Amino acid sequence: AQRVTQPEKLLSVFKGAPVELKCNYSYSGSPELFWYVQYSRQRLQLLLRHISRESIKGFTADLNKGETSFHLKKPFAQEEDSAMYYCALSSNNAGNMLTFGGGTRLMVKP
Amino acid sequence: GAGVSQSPRYKVAKRGQDVALRCDPISGHVSLFWYQQALGQGPEFLTYFQNEAQLDKSGLPSDRFFAERPEGSVSTLKIQRTQQEDSAVYLCASSILAKGASTTGELFFGEGSRLTVL
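Here the protein sequences come in this chain order: A and B.
FYI, the numbering for the first sequence is 1 to 110, going by this note's numbering.
FYI, the numbering for the second sequence is 111 to 228, going by this note's numbering.
Isolated chain B (complex conformation) (with noise of 0.2 Å):
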């Protein structure tokens, strides 16, 4: 494919429930971001890779998020025992740029999985 592929596209958990969301960036794309994105607020930083080394996690809410790229291309964030709070569209995005280039490079994002916690 040519863009960012996320999947599943809308996932309805049961409060206490795990779940795994998959992001399939663009081929070659070094840098991949996820983003949690509340109803009505901008995307806000989770975590960032640079490959297969998760460079930075400090935006993850809590200790029940995980994140994992262990080839370096596609990625999964996994939240355990998932609150009401949890609910929010999840947006993963790509950039052929790494961390320390001489500007920022464009971000590519997926269509998003909107996550709905009952």
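Bound-form chain A, shown alone (with noise of 0.2 Å):
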């Protein structure tokens, strides 16, 4: 079975410090990871995916099998990065389901 954990429900941080919104997933395979990103008042979508291995708004996030992980961060949050983070792992068993995470609450203060 496939799990996504999330261990952090809120992250409070001030403008202008680092962040590390923490993901870490368990699948024997060699999964898909992504971030999905909610805004207030706006629907889910996407904000990055491992395979691209892109910079979105100025975050990233790198695949670490070893540790099971895929850590999203960036440098220096701004206030318009307070939103609900899920992570979320697709197995090649599961075609293109998607199993979230819990959600982590970034509030940036300002």
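Simulated from the structure, these hints should not be mistaken for lab results.
Misleading hints may appear alongside valid ones.
Not close to chain A: a few residues of chain B, all C-beta gaps over 12 Å, as computed [what the hints assert, rightly or not]:
| id | residue |
| --- | --- |
| 1 | V140 |
| 2 | R174 |
| 3 | R191 |
For the chain B half of the interface with chain A, some residues (derived, Cβ under 8 Å), not all of them [as the list claims (entries may be wrong)]:
| id | residue |
| --- | --- |
| 4 | S141 |
| 5 | F143 |
| 6 | L149 |
| 7 | G152 |
| 8 | Y158 |
| 9 | L207 |
| 10 | E221 |
Capping the alpha-carbon separation at 30 Å, the derived lysine-lysine pairs in DSSO-like fashion look like this [stated by the list, open to error]:
| id | chain 1 | residue 1 | chain 2 | residue 2 |
| --- | --- | --- | --- | --- |
| 11 | A | K73 | A | K15 |
| 12 | A | K109 | A | K73 |
| 13 | B | K121 | A | K65 |
| 14 | A | K9 | B | K167 |
| 15 | A | K22 | A | K57 |
Bear in mind the structure is a predicted one, so any value in this text is a computation, not a measurement.
Beta carbons: idealized from backbone N, C-alpha and C, even for Gly.
Make one complex out of these two single chains by using the hints.
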């Protein structure tokens, strides 16, 4: 069975501080990992995926297969980054189906 | 419309009533998913359609839950004899890619239908 764990329900930082949202997964095969974000009063949307290896809105995430982690990082948080962040996993066997973590609410204070 | 559309946005039902939630995916999207999101939790998979075929319904919590997509476009999630534990936001998502594609397609989500069972 595949599982995604986000240990922090809430992360509060000041503007300009570094941010790291933790994500750990359990899956024995080769997963695809994603971060989805939900801003206030908006729908859930894709932020980034590990296979793209790109930085979106200053965020990056590296897949660490040894530690089974996919932490989301940003060096300098902005107030507009305040949102709910969900880590998600897709396995070969599940096709397109995503398994989501419980989510972390990021609050960036001025 | 440009995105996934869900209706109703809000539904209040008395325990024991039947409800139907509608999802209109992005035109041309092959895959359609239903997720259930309880308060303070992440989305939990319910069921998956590829065109009109329901390929996975392993996440449906009981036989009171039924989903269909008869023409491979609009989908309906029906909950019979609603219970208080059914209270949640029901999310629909669609993807242009089919199961078995070399990569997992981006899921485009609707705004959700918030069901409250009294």
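(message) Holds or violated: the hint that G152/B contacts chain A, with Cβ atoms closer than 8 Å.
(response) Since chain A brings a Cβ to about 4 Å from G152/B, closer than 8 Å, the hint holds.
(request) Hold the hint about L149/B up to the distance rule: shortest CB distance to chain A must be less than 8 Å. (result) Because about 11 Å separates L149/B from the closest Cβ in chain A, which is outside the 8 Å limit, the hint is violated.
(request) Using Cβ atoms only, decide whether F143/B comes closer than 8 Å to chain A, and label the hint accordingly. (result) With a closest approach of 7 Å, the F143/B hint holds.
(request) Please confirm whether V140/B is truly not at the interface, meaning its C-beta sits more than 12 Å away from all C-beta atoms of chain A. (result) The claim breaks: V140/B does not keep its Cβ more than 12 Å from every Cβ of chain A (closest is about 9 Å).
(message) Quick check on L207/B please, does its C-beta sit within 8 Å of some C-beta on chain A?
(response) With a closest approach of 6 Å, the L207/B hint holds.
(message) Against the 30 Å threshold, does the CA-CA distance of K121/B and K65/A hold or violate the hint?
(response) 42 Å, violated
(message) Would the non-interface assignment of R174/B survive a Cβ cutoff of 12 Å against chain A?
(response) 22 Å, holds
(request) With a cut-off of 30 Å on the C-alpha distance, tell me whether K9/A and K167/B pass. (result) 29 Å, holds
(request) Take the C-alpha atoms of K22/A and K57/A, compute the straight-line distance between them, and say whether it is at most 30 Å. (result) Holds. K22/A to K57/A sits at ~18 Å (cutoff 30 Å).
(message) Interface hint check: S141/B, Cβ to nearest Cβ on chain A, cutoff 8 Å. Holds or violated?
(response) 5 Å, holds
(message) Restraint: Y158/B near chain A, CB-CB cut 8 Å. Satisfied or not?
(response) 6 Å, holds
(request) Just double-check R191/B for me: nearest Cβ-Cβ distance to chain A has to come out over 12 Å. (result) 27 Å, holds
The earlier numbered hints that this structure contradicts are 1, 6, 13.
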